[in-house]
Amino acid sequence: MAGAPSPPSVPITPLLKDELDIVIPTIRNLDFLEMWRPFFQPYHLIIVQDGDPSKTINVPEGFDYELYNRNDINRILGPKAACISFKDSACRCFGYMVSKKKYIYTIDDDCFVAKDPSGKQINALEQHVKNLLSPSTPFFFNTLYDPFREGADFVRGYPFSLRQGAPTAVSHGLWLNIPDYDAPTQLVKPLERNTRYVDAVLTIPKGTLFPMCGMNLAFNRELIGPAMYFGLMGDGQPIGRYDDMWAGWCIKVICDHLGLGVKTGLPYIWHSKASNPFVNLKKEYNGIFWQEELIPFFQSATLTKESNTVQKCYIELSKQVKDKLGKVDPYFNKLADAMVTWIEAWDELNPSPNADAVVVNGTAKAK
Amino acid sequence: MFFEICDNEVDIVIAALKPDITTFLEGWRPIFSRFHLIIIKDPDLEADLEIPTGFDHQLYTKSDMEKIIGSSPINFSGHSCRYFGYLISTKKYIISIDDDCLPVKDVRGNLINAIEQHMTNLKTPATPFYFNTLYDPFQKGSDFVRGYPFSLRCGVECVISSGLWLNFADYDAPTQAVKPHERNSRYVDAVITVPLRAMMPVSGINFGFRREVVGPALLPALHLKTAGKQRWEALEDIWSGLCAKVVCDHLKFGVKTGLPYVWRNASGNAWESLKRDWEGVKLMEEIVPFFQSVKLPKTMIIAEDCVLQIATLVRERLGPVDQVFMLAADAMEEWVKLWKTFESERN
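Going down the list, the sequences are from chains Z and F.
Just so you know, we're using the numbering used here here: the first sequence kicks off at 1 and counts up by one.
Just so you know, we're using the numbering used here here: the second sequence kicks off at 368 and counts up by one.
The hints are simulated quantities; they were obtained by calculation from the structure and are not laboratory data.
Quick caveat: nothing in here was measured; it's all calculated off a predicted structure.
Even for Gly, the Cβ is constructed at its ideal location relative to N, Cα and C.
Accuracy of the hints is not assured; some may be wrong.
[What the hints assert, rightly or not] Partial selection, computed: residues in chain Z whose CB lies under 7 Å from chain F:
id, residue
1, Tyr65
2, Gly151
3, Val155
4, Asn177
5, Asp180
6, Val198
7, Gly207
8, Met245
9, Gln291
10, Glu293
11, Ile295
12, Phe298
13, Thr302
[Stated by the list, open to error] Chain Z regions said to be covered by chain F (calculated; three or more residues, Cβ under 8 Å):
id, segment
14, 138-145
15, 156-167
16, 208-219
[To be verified] Heads up, simulated BS3-like pairs for lysine-lysine below, C-alpha to C-alpha not over 25 Å straight-line:
id, chain 1, residue 1, chain 2, residue 2
17, F, Lys662, Z, Lys305
18, F, Lys507, Z, Lys273
19, Z, Lys102, Z, Lys312
20, F, Lys662, F, Lys619
21, F, Lys458, F, Lys662
22, F, Lys472, Z, Lys115
Build out the structure end to end from the sequences listed, making use of the hints.
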């Protein structure tokens with residue numbers, strides 16, 4: 001037999017350096033960027049400085065960045081700045097709003113470059129780009145995970161009509177070392193470390209919700225940006241550490257409605273710092289009770305077919321939050337108002353003739 | 368988390384499609400030898416089966432099957448012969464592995480015990496109501512992540528464990544034909560609960576389940592006119608898996624996918640299969656939307672009733688599309704009848 005054909009060369013992932021911003025919330029310093037330099041230096045950074053605006057945050061030399069502190073946020077948004085959290089990393093979503101790029105990657109300042117099982121450093125950004133640039137498969141579960149990865153495909157039984165998939169709106173990465181546990185779990189298992197490298201990217205099925213973590217997250221800002229509001233957390237609020245959760249529930253309902261996909265799995269980053277579980281417990285306390293109501297709320301949320309843009313979906317969702325969650329706690333009335341403020345601010349900062357025309361595949365399908 | 372497996376809780380059901388299963392059984396001997404095996408010889412196979420000594424097993428041939436169930440409209444040929452084993456078994460769990468698969472070896476050359484992994488999957492809860500981003504929270508070194516409601520953390524009983532394959536993945540004929548050299552070399556160290564209402568193709572190649580709970584829904588109903596002995600020439604397991612997933616979702620049981628892997632060797636020419644017909648590929652376009660739309664009444668609380676209801680819907684909605692679906696509905700009803708007969712005889 002003639003020699004087997006040589007394996008196809010691995011396609012080069014485009015850098016997208018002029019199409020992607022890296023958004024980093026910080027309250028301390030950005031020393032962690034040194035380790036990321038080989039991977040992040042080509043990109044523009046948006047740094048959102050939380051806490052005391054008079055403090056100077058040192059950005060390592062050689063990075064192209066813009067930095068916003070609380071004074072900047074207040075100046076730019078005026079009264080609408082009330083929707084941006086203070087003393088909580090939820091403030092990062094301000095960075096999504098001011099970005100002018102198509103894609104966003106956000107990462108926490110205690111996350112470092114991880115190594116894969118062969119010892120090679122993981123270029124997390126490259127993997128996120130691969131995830132975002134290839135379709136998702138939310139309509140039928142592929143048991144070999146992401147069929148668009150090299151060496152994989154759709155399995156027997158996967159309908160051909162579903163094989164083009166859906167555009168990927170979100171790429172949710174994971175963490176080695178300190179896992180993203182809640183406070184009670186941290187207290188019970190203070191020494192547990194995530195050492196399992198799961199070599200998979202998978203699409204979260206349509207109709208399934210998930211706990212989205214903002215530590216290592218990328219998304220297509222044009223497809224889903226307006227829904228990535230991280231809520232009212234931190235100073236003056238009865239809850240913290242649920243910013244990314246809230247955004248994750250909203251974006252998933254909207255992605256399912258608009259026919260967009262959400263991937264989870266690779267890439268891994270190395271999460272180095274375990275936050276204080278007692279401090280976390282105080283922040284999460286209400287959330288632990290409220291999530292019992294919130295998840296059924298989001299699981300049963302339906303949007304009308306008139307909501308055919310992300311902004312319209314988000315406004316419709318905010319009305320449902322007020323109607324149904326206001327009775328759980330008055331906080332949700334405030335949050336519903338803040339959701340509307342956020343969309344108003346987003347549209348003001350991102351005016352475009354196509355602002356209302358981000359319709360995917362024609363019309364949005366009502367659930 | 369590893370559980371003590373009681374040997375007498377498990378039957379390993381093997382469909383023998385070729386006369387010599389020595390390589391298969393010798394390859395699995397260190398793992399299979401403590402269990403009872405139910406070996407079903409493909410009724411189409413004329414030659415005698417060669418079974419090495421030292422296995423506690425019961426063999427069923429075509430004439431045994433005929434003696435036990437008489438003449439049945441159910442087609443037990445090819446890969447479908449294993450379903451006879453599901454009927455015959457009296458154990459709590461059944462695990463079935465295709466006879467062209469061998470155990471995977473770890474980096475040190477030790478055999479990975481697929482039976483143990485299936486049992487771990489089946490004996491730990493599934494979590495279908497909300498996705499855990501760290502995969503199976505009951506695996507060692509894992510847990511539920513931040514944001515996972517505490518009321519959902521007890522999970523539900525897992526009744527199906529669907530494993531995967533290294534080397535030859537379970538591709539359909541077109542994919543196999545277009546990518547004849549592709550081998551699955553990616554070992555994904557995860558077990559995942561398939562979420563509620565998410566449908567997936569459950570492959571029968573490497574599979575375990577809780578017999579009494581979901582057995583009635585694991586049935587050889589869909590037979591392609593051009594079905595052959597290659598896995599890519601059949602869809603009866605895909606149909607049965609979709610049926611079982613609908614039933615599991617309705618009855619609030621869980622389905623897991625992922626580990627364990629088996630090392631699959633396949634042979635055969637996918638182009639030859641494709642030349643015959645694309646039947647299966649065309650039918651899946653109807654089958655998947657059908658199962659995604661099935662809703663079962665709350666009054667149905669056992670698998671048998673759910674399957675009968677699904678059969679009625681198959682006849683109504685898919686029957687007009689292709690005769691093969693009418694036959695599938697008949698087979699589903701016949702299967703439930705047989706299942707009930709065997710269960711009542713056991714009791």
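Consistency of the hints with the structure:
1. Given hint, Tyr65(Z) at the interface with chain F, is violated; its Cβ is 29 Å from that chain's nearest Cβ, farther than 7 Å.
2. With a cut of 7 Å, the hint placing Gly151(Z) at the interface with chain F holds, because the nearest CB-to-CB distance is about 6 Å.
3. The interface hint given for Val155(Z) holds, since its Cβ lies 5 Å from the closest Cβ of chain F, which is under the 7 Å cut-off.
4. With a least beta-carbon distance of about 12 Å to chain F, the hint placing Asn177(Z) at the interface is violated under the 7 Å criterion.
5. The interface hint given for Asp180(Z) holds, since its Cβ lies 5 Å from the closest Cβ of chain F, which is under the 7 Å cut-off.
6. The interface hint given for Val198(Z) is met, as the beta carbon of that residue sits about 4 Å from the closest beta carbon of chain F, less than 7 Å.
7. Interface restraint check: Gly207(Z) against chain F, minimum CB-CB distance 5 Å, threshold 7 Å, status holds.
8. With a cut of 7 Å, the hint placing Met245(Z) at the interface with chain F holds, because the nearest CB-to-CB distance is about 4 Å.
9. At its closest, the beta carbon of Gln291(Z) sits 5 Å from a beta carbon of chain F; the interface hint therefore holds under the 7 Å criterion.
10. Given hint, Glu293(Z) at the interface with chain F, is violated; its Cβ is 9 Å from that chain's nearest Cβ, farther than 7 Å.
11. Interface hint at Ile295(Z): satisfied, since its Cβ lies 5 Å from the closest Cβ of chain F, which is below the 7 Å cut-off.
12. Below 7 Å, beta-carbon pairs count as interface contacts, and Phe298(Z) has none with chain F, the closest being about 10 Å; its hint is therefore violated.
13. The restraint placing Thr302(Z) at the interface with chain F is violated, with a minimum CB-CB distance near 14 Å, outside the 7 Å limit.
14. Restraint check on the segment 138-145 of chain Z versus chain F: 6 residues with Cβ-Cβ distances below 8 Å, three needed, restraint holds.
15. Counting residues of the segment 156-167 of chain Z whose CB lies closer than 8 Å to any CB of chain F gives 7, which reaches the minimum of 3, so the coverage claim holds.
16. A stretch counts as covered by a chain when three or more of its residues have a beta carbon under 8 Å from one of that chain; for the segment 208-219 of chain Z and chain F the count is 6, and the coverage holds.
17. A hinted pair counts as satisfied when its Cα atoms are at most 25 Å apart, and Lys662(F) with Lys305(Z) qualifies at roughly 23 Å.
18. Under the criterion of a C-alpha separation no larger than 25 Å, the hint pairing Lys507(F) with Lys273(Z) is consistent with the structure, at around 22 Å.
19. With a C-alpha separation of about 20 Å, the suggested pairing of Lys102(Z) with Lys312(Z) holds against the 25 Å cut-off.
20. Among the hinted pairs, Lys662(F) with Lys619(F) is consistent with the structure: their alpha-carbon atoms are about 13 Å apart, no more than 25 Å.
21. A hinted pair counts as satisfied when its Cα atoms are at most 25 Å apart, and Lys458(F) with Lys662(F) does not qualify at roughly 30 Å.
22. Between the alpha carbons of Lys472(F) and Lys115(Z) the distance comes to roughly 24 Å, so the proposed pair stays at or under 25 Å and holds.
Hint compliance for this structure: hints 1, 4, 10, 12, 13, 21 are broken, all remaining hints hold.
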